[in-house]
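2 protein chains.
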Amino acid sequence: MVDGEINSRWTGFTGQGEENMPGCGKCPTGVTLDDLFFNRVRETLVREGIPYQWEALNDRLPADTAPSYCMRNFRVAAGKEQGTFGGHVFQDSDLYKWLEGVAYSLRWHPDTELEATADAAIETAVAAQQPDGYLDTYYIINGLDKRFTNLKDNHELYVAGHMIEAAVAYYSVTGKRTLLDATLRFVDLIDRQIGPEEGKIHGYPGHPVIEMALMRLYEITGDPKHLKLAEYFVNQRGQKPLFFEEETVRNGNEFYWRNSPFRYQYYQAGMPVRSQKNAEGHAVRAMYLYSGMADVARETGDVGLIEACRTLWESTTGRRMYITGAIGSTEHGEAFSFDYDLPNDTVYGETCASIGLMFFARRMLMLEAKAEYADVMERALYNGVLSGMQLDGKKFFYVNPLEVVPEACRMDPHKQHVKPERQKWFGCACCPPNLIRLLNSLEDYLVTEREETVYFHLYVGCRIERGGMAIQVRTEYPWQGHVQIQMDIERPVAKTLALRIPGWCRAYTIKIDGENAQGEYRDGYLYLTRIWGDGDTVDLDLEMPVVLMRANPRIRKDVGQVTLMRGPIVYCLEEADNGRDLHLIHGIRPETAHVRWEPETLCGVVTLTTEAERETVQGFTELYEETEAESLPVQLRWIPYYAWANRGLGEMRVWVRK
Amino acid sequence: MVDGEINSRWTGFTGQGEENMPGCGKCPTGVTLDDLFFNRVRETLVREGIPYQWEALNDRLPADTAPSYCMRNFRVAAGKEQGTFGGHVFQDSDLYKWLEGVAYSLRWHPDTELEATADAAIETAVAAQQPDGYLDTYYIINGLDKRFTNLKDNHELYVAGHMIEAAVAYYSVTGKRTLLDATLRFVDLIDRQIGPEEGKIHGYPGHPVIEMALMRLYEITGDPKHLKLAEYFVNQRGQKPLFFEEETVRNGNEFYWRNSPFRYQYYQAGMPVRSQKNAEGHAVRAMYLYSGMADVARETGDVGLIEACRTLWESTTGRRMYITGAIGSTEHGEAFSFDYDLPNDTVYGETCASIGLMFFARRMLMLEAKAEYADVMERALYNGVLSGMQLDGKKFFYVNPLEVVPEACRMDPHKQHVKPERQKWFGCACCPPNLIRLLNSLEDYLVTEREETVYFHLYVGCRIERGGMAIQVRTEYPWQGHVQIQMDIERPVAKTLALRIPGWCRAYTIKIDGENAQGEYRDGYLYLTRIWGDGDTVDLDLEMPVVLMRANPRIRKDVGQVTLMRGPIVYCLEEADNGRDLHLIHGIRPETAHVRWEPETLCGVVTLTTEAERETVQGFTELYEETEAESLPVQLRWIPYYAWANRGLGEMRVWVRK
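Protein sequences, first through last, are from chains A and B. Just so we're aligned, residue 0 is where the first sequence starts under numbering that gives the first Met the number 0, counting upward by one. Just so we're aligned, residue 0 is where the second sequence starts under numbering that gives the first Met the number 0, counting upward by one.
Where hints are given, some of them may not hold.
Any copy will do: because identical chains look the same in the list, a pair fits if it lies in one copy or spans two.
In silico DSS-like links for lysine-lysine, alpha-carbon gap of 30 Å or less [stated by the list, open to error]:
| # | residue 1 | residue 2 |
| --- | --- | --- |
| 1 | Lys25 | Lys423 |
| 2 | Lys276 | Lys418 |
| 3 | Lys418 | Lys556 |
| 4 | Lys79 | Lys145 |
| 5 | Lys657 | Lys556 |
| 6 | Lys145 | Lys175 |
| 7 | Lys227 | Lys79 |
| 8 | Lys369 | Lys418 |
| 9 | Lys175 | Lys224 |
| 10 | Lys224 | Lys394 |
| 11 | Lys369 | Lys199 |
| 12 | Lys239 | Lys394 |
| 13 | Lys423 | Lys393 |
| 14 | Lys79 | Lys556 |
| 15 | Lys199 | Lys418 |
These are computed hints drawn from the structure, not numbers from a lab.
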């Protein structure tokens with residue numbers, strides 16, 4: 000047990016390896032978010048999202064909604080209700096992800112009623128735990144004799160991973176141990192069953208997450224077996240002979256991906272992780288694995304593993320990522336495909352995958368203080384992650400396309416995974432609770448501290464309080480490029496403030512107490528070192544013009560096209576503003592852009608208007624002609640991509656012909 | 000029996016309805032093809048294609064080729080060999096289509112050895128016929144009790160249809176009755192089992208072809224029951240209650256297309272054919288059905304049915320056809336999708352569908368003498384049909400894409416139906432014998448005669464002999480626009496020559512005996528009426544410049560792109576000539592086009608070279624930048640689309656950014 004060893008609540012990592020890393024350090028305790036942009040998002044989550052999802056987990060949404068069965072499964076597994084198992088094999092994880100999100104919300108928005116609901120949910124879950132610590136309702140209901148026999152497909156370790164994440168978060172925030180103790184019992188059982196020792200199963204999860212979860216557990220327990228198990232899962236993965244291949248043969252299953260180009264790389268398990276040069280297979284699994292790899296690498300200082308993380312980062316973000324931070328180019332396996340293959344209308348771009356990309360980015364940042372990681376984190380957050388949720392917090396995208404024609408989604412079976420409107424719930428409802436846990440823990444992504452340096456990664460209004468010192472961050476980001484950082488300290492303190500200069504920013508000014516200042520620029524951060532006094536104020540002004548963006552010409556599907564960005568926000572055109580047949584639009588004139596803050600539109604957004612042209616179809620009588628289509632001038636209205644599909648069914652397009 | 004009623008060999012239709020039609024009339028007997036372009040194609044067919052496919056039907060191709068089982072099935076069904084049924088339920092049709100193609104080849108290229116092989120094949124097939132006339136090896140081998148119980152899926156009537164087509168062709172050419180007599184026995188059985196009368200099955204085929212086959216049978220038998228059955232199949236289709244729905248329930252099957260947007264329209268059987276406004280479902284089935292509808296309509300003069308044909312023609316060719324004459328936009332169901340949805344890289348564009356489009360076009364032409372039908376026939380022939388066969392006659396495309404990146408075919412499961420190279424054979428080998436029967440019967444597509452008018456639809460070198468009159472057609476079409484038509488007659492004759500002015504032609508001159516002449520232009524034909532003397536010569540000169548073609552802007556996937564055509568030939572760019580990353584090419588300058596006849600290239604083609612630009616990728620370091628890619632001038636070499644993929648694996652592209 001870990002009684003004596005748990006050293007603090009939410010303290011950040013304490014491992015050995017990270018001392019030698021040039022990373023950005025730990026997330027300080029005491030970050031309180033207070034932000035124009037995110038306050039609304041998070042209040043929606045607390046007011047609407049969390050209760051709505053609790054109803055979903057209890058099958059109390061309207062009858063036309065995909066049922067969850069999640070809470071019922073726990074009651075059935077505990078013998079409190081008669082019934083069969085419902086939903087996917089990983090259905091338990093929905094509760095754990097919801098609980099983790101609730102824990103984070105209680106951190107910034109205490110709510111005794113919600114906490115009581117969560118406590119009761121934990122009691123329900125834990126009641127199903129077996130005497131030996133096992134807890135996975137799928138096998139408890141369907142027969143424990145089969146447990147641990149199909150790690151590839153049946154998600155036991157995935158469920159355990161989310162249980163760990165929930166337990167650590169809930170314990171860290173509330174101090175309550177019920178779920179943590181249950182989790183430690185389950186982890187002990189897993190550790191007795193799986194590992195390198197003879198007689199144990201030499202396996203690893205089909206769907207990673209337990210790796211990074213164990214590292215979080217290790218963070219609060221300091222128990223070496225938690226680190227060791229995480230390390231084992233990372234390093235055993237893909238070793239020959241392939242465990243998943245053996246398992247498939249043993250179970251007499253037909254290998255589902257046998258004819259797929261990725262085969263065992265669907266699970267990122269076709270070769271050892273250090274041999275993997277490309278982001279391949281299921282995108283969410285990839286992100287969770289890479290995040291766990293980065294955690295283990297940071298803790299152990301394993302140079303080869305760090306290099307593997309860098310290689311996979313470069314593959315993911317340098318050759319296989321959409322401008323929105325979406326990843327996963329194909330519905331087949333919800334997977335990566337190949338370099339520069341980024342189709343906009345058949346994309347997968349799962350919300351969870353962009354969330355996973357933020358996990359990975361954050362961990363790379365902790366390995367190396369380079370702003371490119373924060374740039375990707377920001378790109379995903381303001382675009383491909385936020386797009387996953389309706390503005391009212393009650394509907395969700397699983398797939399986040401960059402080009403939608405509703406008729407095509409209805410009529411083209413290869414686009415039926417692309418929904419032109421957000422859905423109330425999903426049979427596989429991984430994304431909604433993932434949004435809750437990410438957005439409710441956004442505090443942990445903003446700043447980090449390492450020795451005497453405070454790194455500012457994302458510019459979100461907040462107050463950072465630690466050890467008698469406070470820093471207030473005020474900004475109207477992402478709508479304005481001005482960020483004010485003010486010291487609220489009792490006595491002068493020597494500190495370095497490392498301010499990220501976003502990759503999108505071409506010019507900025509920095510002032511300290513109203514005077515132009517200089518700093519040292521390194522790897523995307525401006526380092527300001529001095530002895531700060533109370534009330535000292537840094538004003539960072541990031542120029543935020545409207546920018547005409549182009550894709551790397553290697554990306555076939557974007558060639559000859561452009562889009563607009565302003566700051567970190569990717570813009571798009573919607574039918575609601577610009578009529579149907581958006582593909583007819585071309586000749587975007589960014590120099591005509593008019594930038595307007597519209598508080599009543601889409602919960603408050605900056606819209607852009609530009610002049611452009613639009614082809615007419617009238618001249619054409621046949622399918623193929625010599626005729627050149629006539630174009631007429633047109634005024635376009637652009638909205639932030641994340642806010643699309645909040646005004647009814649219609650076309651949407653990010654990339655437009657130049 | 001039909002002894003007395005068979006009135007001629009290959010005489011054309013003799014029905015009532017067509018007398019009242021403004022159509023182009025009948026195909027005259029005695030057309031002998033002798034053509035620069037097609038002689039080579041057809042010699043390849045006879046020398047390589049027919050023997051190669053016979054080897055395939057007998058499973059004598061190399062071991063890495065998909066086996067056919069076709070001839071073995073007949074021997075097993077006849078009890079001459081032990082074994083199970085192999086291949087698809089429609090495997091018998093491969094023999095019938097091959098036999099039909101052989102029959103046509105014997106018409107222009109007598110070959111006693113080949114005829115003996117065909118006779119023996121017929122004996123083998125007929126030996127399997129049951130005493131009551133039944134002949135379908137799938138049910139003979141697997142159990143006759145189930146015959147006629149699954150018309151929707153099991154292709155019995157499709158097989159019967161191809162048997163009829165083969166029998167009519169083989170009888171018409173050779174005068175041999177073995178296959179014809181067996182066919183008449185089978186048709187009699189079908190007529191006893193299926194039809195409107197009580198006690199009969201009120202069904203129709205899942206895969207049409209028997210409709211047009213029965214009309215060809217009727218053409219030589221004049222037996223009203225053959226017309227009546229064809230008419231029944233056309234008119235019963237899609238009537239409520241849906242026969243296929245009832246059949247599915249009766250068989251306890253799960254309906255395969257239940258979640259598809261087209262459902263029973265996959266079979267063009269979701270509603271009566273006269274209610275169908277759009278070309279929907281499986282494209283080959285659609286073309287075969289529409290062809291049968293046009294045959295019945297011509298014969299019966301049924302105005303409603305003619306109107307239905309026109310509506311479906313307009314949907315097919317006016318809104319759902321590729322520039323190559325390919326049809327079928329999606330692999331899902333090998334089907335049409337929706338208006339203007341014509342993706343170039345995920346297209347289906349089955350070779351058989353373009354062949355079917357030629358069937359349909361020819362029949363529409365016989366209904367109405369409008370050149371738009373011949374234009375489509377020509378478009379399909381020179382592009383989407385010919386592209387189906389390797390220049391050596393031994394490899395085939397099932398799918399005919401307009402844009403190929405080999406890596407995408409390998410890595411993107413949604414493009415795995417698109418092969419970047421032609422295949423040696425297919426498990427479902429419908430296309431290779433379809434090419435044989437179409438190209439070997441090309442004589443029947445060139446000219447028709449109606450009363451005193453001879454219509455010239457396709458300009459192919461040939462000699463037309465009939466009733467003491469001969470007309471010689473000389474041309475280097477499609478490489479040159481000059482066509483010479485010369486009369487070879489014993490005594491002056493009053494005739495109208497109706498010369499099609501192709502839709503692609505903007506200017507032409509016409510001379511009679513060297514003097515400029517005038518004609519009456521109507522619906523795409525130039526009518527020249529006079530009393531012709533021996534040696535009289537018509538010289539038609541169709542201007543054939545290189546033309547920059549654009550797609551109707553409603554076609555999303557072609558917008559902003561162009562391609563080149565010259566005459567009926569659609570051009571494309573290949574990696575072999577223009578390097579990789581063809582998507583980087585833009586700025587095509589058609590005015591720089593250089594037209595060159597290259598006798599040694601691709602069995603002799605006219606190539607085009609043009610100046611253009613090509614984006615460079617060097618400037619880009621990130622995935623998304625403000626940078627505008629630099630472009631460098633480049634010289635492009637274009638080849639005819641039909642000849643692509645004859646020089647090894649590589650990219651290909653028809654549409655290029657303008």
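Against the structure, the hints come out as follows:
Taking the shortest alpha-carbon separations for Lys25 and Lys423, neither the intra-copy value of 37 Å nor the inter-copy value of 61 Å comes in at or below 30 Å. With identical chains, the CA atoms of Lys276 and Lys418 are at most 30 Å apart between copies only, with a shortest distance of 27 Å across copies and 32 Å within one. In this assembly of identical chains, Lys418 and Lys556 lie within 30 Å of each other by CA distance both inside one copy and across copies; the values are 20 Å within and 20 Å between. For a Cα distance limit of 30 Å, the shortest separation of Lys79 from Lys145 inside one copy, 22 Å, qualifies, whereas the shortest one across copies, 51 Å, does not.
Proximity of Lys657 and Lys556 under a CA criterion of 30 Å is satisfied in both settings, with 13 Å inside one chain copy and 15 Å between copies. Within a single copy, Lys145 and Lys175 get their C-alpha atoms no closer than 32 Å, and across copies no closer than 68 Å, so neither meets the 30 Å cut-off. Taking the shortest Cα distances, Lys227 and Lys79 never come within 30 Å of each other, neither inside one copy (37 Å) nor across copies (68 Å). For the homomeric pair Lys369 and Lys418, neither the shortest alpha-carbon distance inside one copy (36 Å) nor that between copies (43 Å) is at most 30 Å.
Taking the closest pair of Cα atoms, Lys175 and Lys224 come within 30 Å of each other only inside a single copy of the chain (23 Å); across copies the shortest separation is 86 Å, beyond that limit. In this assembly of identical chains, Lys224 and Lys394 lie within 30 Å of each other by CA distance neither inside one copy nor across copies; the values are 40 Å within and 61 Å between. Taking the closest pair of Cα atoms, Lys369 and Lys199 never come within 30 Å of each other, the shortest separation being 40 Å inside a single copy and 78 Å across copies. For a Cα distance limit of 30 Å, the shortest separation of Lys239 from Lys394 qualifies neither inside one copy, at 43 Å, nor across copies, at 40 Å.
Only within a single protomer do Lys423 and Lys393 lie at most 30 Å apart by alpha-carbon distance; the minimum there is 7 Å, versus 54 Å between protomers. When the C-alpha separation of Lys79 and Lys556 is checked against a cutoff of 30 Å, the pair qualifies neither within a copy, at 54 Å, nor between copies, at 57 Å. Neither within a single protomer nor between protomers do Lys199 and Lys418 lie at most 30 Å apart by alpha-carbon distance, with minima of 44 Å and 46 Å respectively.
Going down the numbered hints, you'll see the structure goes against 1, 6, 7, 8, 10, 11, 12, 14 and 15, while the others check out.
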